[in-house]
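Q: In order, the protein sequences belong to chains A and B.
Residue numbers 1 to 326, in this note's numbering, belong to the letters of the first sequence in order.
Residue numbers 1 to 354, in this note's numbering, belong to the letters of the second sequence in order.
If you are wondering where the hints come from, they were derived from the structure by calculation, not from laboratory data.
It is possible that some hints are incorrect.
[As the list claims (entries may be wrong)] Derived Cβ-Cβ restraints for the label pairs, each shown as a range:
# : chain 1 : residue 1 : chain 2 : residue 2 : range
1 : A       : 161       : B       : 199       : 30 to 40 Å
2 : B       : 241       : A       : 78        : 29 to 39 Å
3 : A       : 166       : B       : 163       : 38 to 48 Å
4 : A       : 132       : B       : 73        : 26 to 36 Å
5 : A       : 40        : B       : 147       : 52 to 62 Å
[What the hints assert, rightly or not] No farther apart than 27 Å at their CA atoms in a straight line, the calculated lysine-lysine pairs in the BS3-like style are these:
#  : chain 1 : residue 1 : chain 2 : residue 2
6  : A       : 262       : B       : 199
7  : A       : 160       : B       : 150
8  : B       : 328       : B       : 63
9  : B       : 312       : B       : 328
10 : B       : 199       : A       : 63
11 : B       : 225       : A       : 160
12 : B       : 316       : B       : 348
13 : B       : 345       : B       : 107
14 : B       : 225       : A       : 262
15 : B       : 150       : B       : 134
16 : B       : 150       : A       : 262
17 : A       : 262       : B       : 147
Cβ atoms here follow ideal geometry from the backbone N, Cα and C, with glycine treated the same way.
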Amino acid sequence: MANNPGPTGRAAPNRRAPALIQGLRSGDTFAHLVTLLCAASVLLLTVALVYELYINSTTAQHKFGLGFLTGRTWDPVSGEFGALPFVYGTLVTSALALLVAVPLGVGAAIFLSELAPPRISNALTFVIELLAAVPSVIYGLLGIFITAPFLRQYGEPFLKRTLGFLPLFQGPMYGVGMLTAGFVLAIMVVPFVISLSREVLMAVPVEQREGALGLGATKWESTWQVVVPYARLGILASIFLALARALGETMAVTMVIGNDPKISSSLFAPGYSIAAVIANEFAEATADLHLQALIELGLVLFALTIVINGLARIVIISTTQKGSSQ
Amino acid sequence: MKKLSNPAIIIVSAALVLTSLVAFHSSASNAAPVPTPEIVMLTGAGATFPYPIYSKWFSDYNKIHSDIQINYQSIGSGAGIRQLLSGTVDFGASDAPMNDEQLGQAKTKILHFPTVLGAVVPTYNITGFSQELKFSSGLLADIYLGKITKWNDPEIMKYNEGVNLPAQDIVVVHRSDGSGTSYVWTDFLSKVSPEWAGKVGKNTSVNWPVGLGGKGNEGVAGLVKQTPGAIGYVELIYAVQNKLPYGRVRNAAGVFVRASLDSVTAAGAGVAASMPEDFRVSITNAPGETAYPICSFTYLLIPTKIEDANKKQIIKNFLLWMLNDGQKDAEPLTYAPLPKQVVTKELKQILQIE
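Pulled out of the complex, with its shape left as it was, chain B reads as follows (with noise of 0.2 Å):
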C-alpha cells in the first residue's frame, strides 16, 4: 500500500515505459529493410464471401510484384461500401450491387467489377430421407412464407414423384446476420413470388415470416443438421465443403438443374448480353437451360477518379491480371469463373478509371 503511493516509484516506472517504447520504436524502424523500394500499400475491404480467392489473389500479387502489398479486411459487403464512400480504403468490394442511393454519395463515380461467382442451395434434414429433392421456385417462397408446413404437403411430393416424404413439420432456418447470402436467397425469391417481394423483399437481412436464424453460414447448417425436419439455405461453396445435401431448384426455362460451378458459370453467360454497362445486374432466376437460378456476382468497387498515380497504375494491373490468370484459381478454391463474355466487357471497362 505505502510502496504504491510513493512517487519515486511511479517515475521510475513512468521512465521504465517511456525507454521501453522509444527502444521499441527504434528497433522497429531498424528492422525495416533498408534495400528494397517503396512498398506500396494498398487497403480494400468488404465482402466475406470471396475472401478466401480474394487473399490468394492479392498474396499470389505479392509475390510477383514484391513492392506492392494490398490489405483486405472481409468486414461484410455493407462495412466495406461505408468506407469506400468515406474514403479509408483504395476500393471495397460486395456480394451485392451498390444502389442508387449509396452511388449518390459517392464523391467520385465508382465502378463495379464482377471477380466471381457465387451460388446459394437449398440444405435440408428430412428424418429418414436422404434423397435428392426437386424445389420449384415458387414452393421455396412458400416453405418460406410459411404457407407450405408439412414435408408431405401436395406441392412438393408433385415434383418429386416416387419419393416417401414423411408428414414432418417444417423448420425453417435462415441467416439471422446480414449477409450477401441472404441478399441472393430473397433477390431470388421476391423474383419468383409476388407475395414474397411484396411482403417481404430483397436486402441482406430482412423481417422473415417465419423460422430460426442461425449466425452465418455454419450457424444455419448447424440448425439444419441438429433440428429434424429442418431446411436453410447456404453457399454451395460451404454446402460442398461440409458435404451438406442440397436440393435441385427449378429455373426459369423450367429445367431442375442442381447447383454445380458450370451450372453457375452459365448463369452469368445468360445475362451477359443483357447486361447493362454498369454490371450492376441481379443474375438471380437467369435464362439458359442449364443456368442455375440462385446465383450473383461478387464484386470489387473501384472509383473511377484515384489521385495516386501509382495506387491508380496498380489497380489497373492488378484488374488485368485479376481477369486472365487470377480466374484460373476460381475453380481449386470451388468459386465459378466468370463466363468469357463478362471478362470482355470486364476488360474495356478498365479504361474508365482515370
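Chain A extracted, bound-state conformation (with noise of 0.2 Å):
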C-alpha cells in the first residue's frame, strides 16, 4: 500500500488550492483542528491504557518484580503468580498460527489477484472478507467440534508416526492443546492474509507486469519474481496484522488450549494464552493480589505487542532501505 503513489488522488488537492478564497482558510483551521483532535485522542487513549493497567497493578509489581516474567506457579490460594507459561503459550500458538496461515493466505492471495478469473476471484474474496467477519466464538466452537476430534484421532497420531522423534510431537493426545490453538487461530487470521495481500497485489502497476512479460518472463516468473517482491511490504504489514490478532485473541484460543499454565515442549499438550487467562479468572478474583496479577498480565500482553510491532516495524524499515523496488 505504502508504495503505490497514487498519483491523481494526491495532486488534485495543489492544483485547486489557488483557488481556495480567504474564508476557507479558517475553515482549514478548524478542520486541522477537529482532525487533531481525533488522532490525539488515540495516543491519549493509549497512555491512559497503559496508565491504568500500572497503576492498578503496583502492588503485584512491587511483590513480584521482575520474577513475575520468569515466574512458572500460578497459583491463587498461595497468592504465588509467574507469568512464563501464559507468554509462553501465547508465543507459540502466534508463531504456530502465522506459520501455517503465511503460505496459505499469501499463496491465495496470489491465485486470486493473478491468476484466477476476475469472477472467480470476486466470488472467493466476497467468501473471505465474510470470513473475517465471524465472531471468534463460532471458531472456538469449530475448534472443540471438529479441528480438536480430527486433530485427535487423526493428526496427531501421524505426527507422531513421522515426527514423533521431535520432543514436539511426544506425549499424550488430548485434541485439545497448542497445536490445535494454532491451528484455529490460523484458520481465523487467514482471511486478514488473504484479503489483504490480495489488495496490495491487485495495486501493483500493470506497468511492472508488462515490463517482466515484455523481457520474456513467463506468467508465474512475473508474478513470483516481479508482483510479489514489489508487494512484500503489504504483505509483510498483513502478516503483522495477522500476528497481532493471533496474539490478542481471547475467546477462540481458551475454548480449544486446555487452558493449563505449563510449559511443556510437546505441542500436543496443553498450554495457556495471556489473554485468556485474564478472560477466564478476572470476574472471579477475589483475592487483590490475584486481580492485581491478572492485570500485571495484561501489561505484559500490551508490552508483548508493542516489541513485536517495534521488530515488525524494523523489519519493513530495513527491507525498505535495501529494497530496490521502490
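Hints are included, so try docking the two chains, each in its own frame, into the full complex.
A: Below is the structure:
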C-alpha cells in the first residue's frame, strides 16, 4: 500500500489550492483542529490504558518484581503468580498460527489477484471477507467440535508416527492443546492475510507486469519475481496484522488450548495464553493480589504487542532500505 | 476528498448529529409513562450460578409490585463482591461466603442470606462403559491429584465390584474460569484429603496439579464428552438438563449418595443445627446418611445499613417473599430449596437490617 503513490489522488488538492478563498482558510484551521483532536485521542487512549494497567498492578509489581516474567507458578490460593507459562503459550500458538496461515494466505492471495478469472476471484474474495467477520466464539466452537477431535484421531497420531522423534510431537494426545489452538488461530487469521495481500498485489502497477512479460518472462515468473517482491511490504504488513490478532485472541483460544499454565515442549500438551487467563479468572478473582497479577498480565501482553510491532517496523524499514523496488 | 475537508459539511453534519440527539432525548423523556408513581430501581450483581432463579424472582416480584424493579447482573461472585464493597450496587450475590478480609473492607456490616442450594457432580466418559460409578471421597482427590491414572485402578474397582472398567488413561478436566463450582469442588477435596488441602487448597481458581481446563460448565462437559477416558465436574442442574452421566459420591456417613434435590437439601439441613449466626458455613461433606457431600448455599449479600429508607423496606420485603413464596420456584428450575431450619434462622436475620 505504501509503495503505491497514487499520483492522481495526491495532485488534486494542490491544483485547486489557489482557488480557495480567504474564508475557507479559517475552515482549514478548523478541520485541522478537529482531525488533530481525533488523532490525539488515540494517543491519549493508549496512554490512559497503560497508566490504568500500571497503577492498578503496583502491589503485584512490588511483590514479584521482574520475577513475575520468569515465574512458572500460578497459584491463586497461595498468592504466587508468574507469567512465563502464559507468555510462552501466547507466543507459541501465535507462531504456529503464522506458520500455517502465511503460506496458505499468501498463496491464495497470489492466485486470486494474478491467476484466477475475475469472476471467481471476486466471488471468493467476498467469501473470504465474510470469514473475517465471523465472531471468534464461532471459531472456538468449530475448534471444539471439529478441529480438536480431528487432530486427536488423525492429525496428532500422524504427526507422532512421522515426526515423533522430535520433542514437539510427543506425549499424550488430548485433542485440545497448543497445536489445536495454533490451528484454530491460523484459520481465523488466514482471511486477513488473503484479503490484505490480495489488495496489495492488485495495486501493483500493470506496467510492472507488462515490463516483465515484455522481457520474455512467463506469467509465473512475472508474478513470483516481479509482482510479489514489489508488494512484499504490504504482504508483510498483512502478516503483522494477523500476528496482532493472534496474540490478542481470547475466546477461541481458551476454548481449545486446554487452559493449563505449564510449559511443555510438546505441542500436543495443553497450554494457556495471556488473554485467555485474564478472561477466565478476572470475574471471580476475589483476592486483591490475584486481581493485580491479572492486570499486570495485561500490561505484559501490551508490552509484548509493542515489542512485536516494533520489530515489525524494523523489518519493514530495513527491507525498504535494501529493497530495489522502491 | 475535497468535499470531506469542506468545513460547511462538517458543521452541517455536526448540527445534524446534535439535533438528532436532542430529538432523541426529548422523545425518550416523552415516552416515559406519566401517571405511574416513581419506580424504585435496585441493582445487584454477582454469582452466575443462581442467575436463572434470581431473574425469575426479580421478574415475578416486579409483577406483584409494579413500582419496584430489581436489576441483577450475573458478572461472577468475585466481581459482585467487589461492586458491593465499592458501593456501586445495592446488594451482591456470591456462591462462596465472603472471607474475613473482604468483610473487613466493607463500610457497613454485610449479611449473608442463603437463597437456594446447588450441588456439583462428577461426570465421566469411559469408552464402552455407561453404568453409574461410585466414588469414594479420597478417590476423587487422588484422581485430581494425578495419583490414580487408570480407570481400572484397584482403588476404583474396590467400590465398583462387578463392573468392567477398561485399562484406559484418566483425563482430568476442570474449570478454567474462576467459578463457585470450582470453589465447592476444591472445598470438598480439601476437607476429605489432607494432601489436597496442603498442596492445592480451595478457591474459585486454583493451581490444578493435572488436567485440562474447560470454560464454564459447557466447556467442561464438552471436553468430557469429546475426550475418551475423561472425568470432570459440573453443576447438578447442568448435568440433569443435559442428561450427562454422573456418579454417586460417598458422604461423611459412609453412604454412596446420588445427587438429587432432596439429597442436597438434606445436606443443608445436616449443618443447620451447627450453623454459625452469620450463615458463613461450608456444607460440603455434611453429616447425615442422606446428605449429598458436594454442595453449597448460594448467598445474597445485603448491607446492614441502608441509607435510603424506601430501598431498605423493599429489600426486607423481598427477602421475606423470597424465603416463603420464592422457595416454591426452586424445584421447577432444578435448584434445591432451603431446609426449613435455615429459613427460620434467616427470617430472624432480616431484623438486623437497619
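Q: Each hint should be assessed against the structure and marked as holding or not.
A: Checked hints:
no., hint, verdict
1, A:161 / B:199: 30 to 40 Å, "37 Å, holds"
2, B:241 / A:78: 29 to 39 Å, "36 Å, holds"
3, A:166 / B:163: 38 to 48 Å, "40 Å, holds"
4, A:132 / B:73: 26 to 36 Å, "32 Å, holds"
5, A:40 / B:147: 52 to 62 Å, "59 Å, holds"
6, A:262 / B:199, "17 Å, holds"
7, A:160 / B:150, "22 Å, holds"
8, B:328 / B:63, "16 Å, holds"
9, B:312 / B:328, "24 Å, holds"
10, B:199 / A:63, "22 Å, holds"
11, B:225 / A:160, "24 Å, holds"
12, B:316 / B:348, "11 Å, holds"
13, B:345 / B:107, "25 Å, holds"
14, B:225 / A:262, "24 Å, holds"
15, B:150 / B:134, "15 Å, holds"
16, B:150 / A:262, "22 Å, holds"
17, A:262 / B:147, "18 Å, holds"
The structure is consistent with each of the numbered hints, conforming to all of them.
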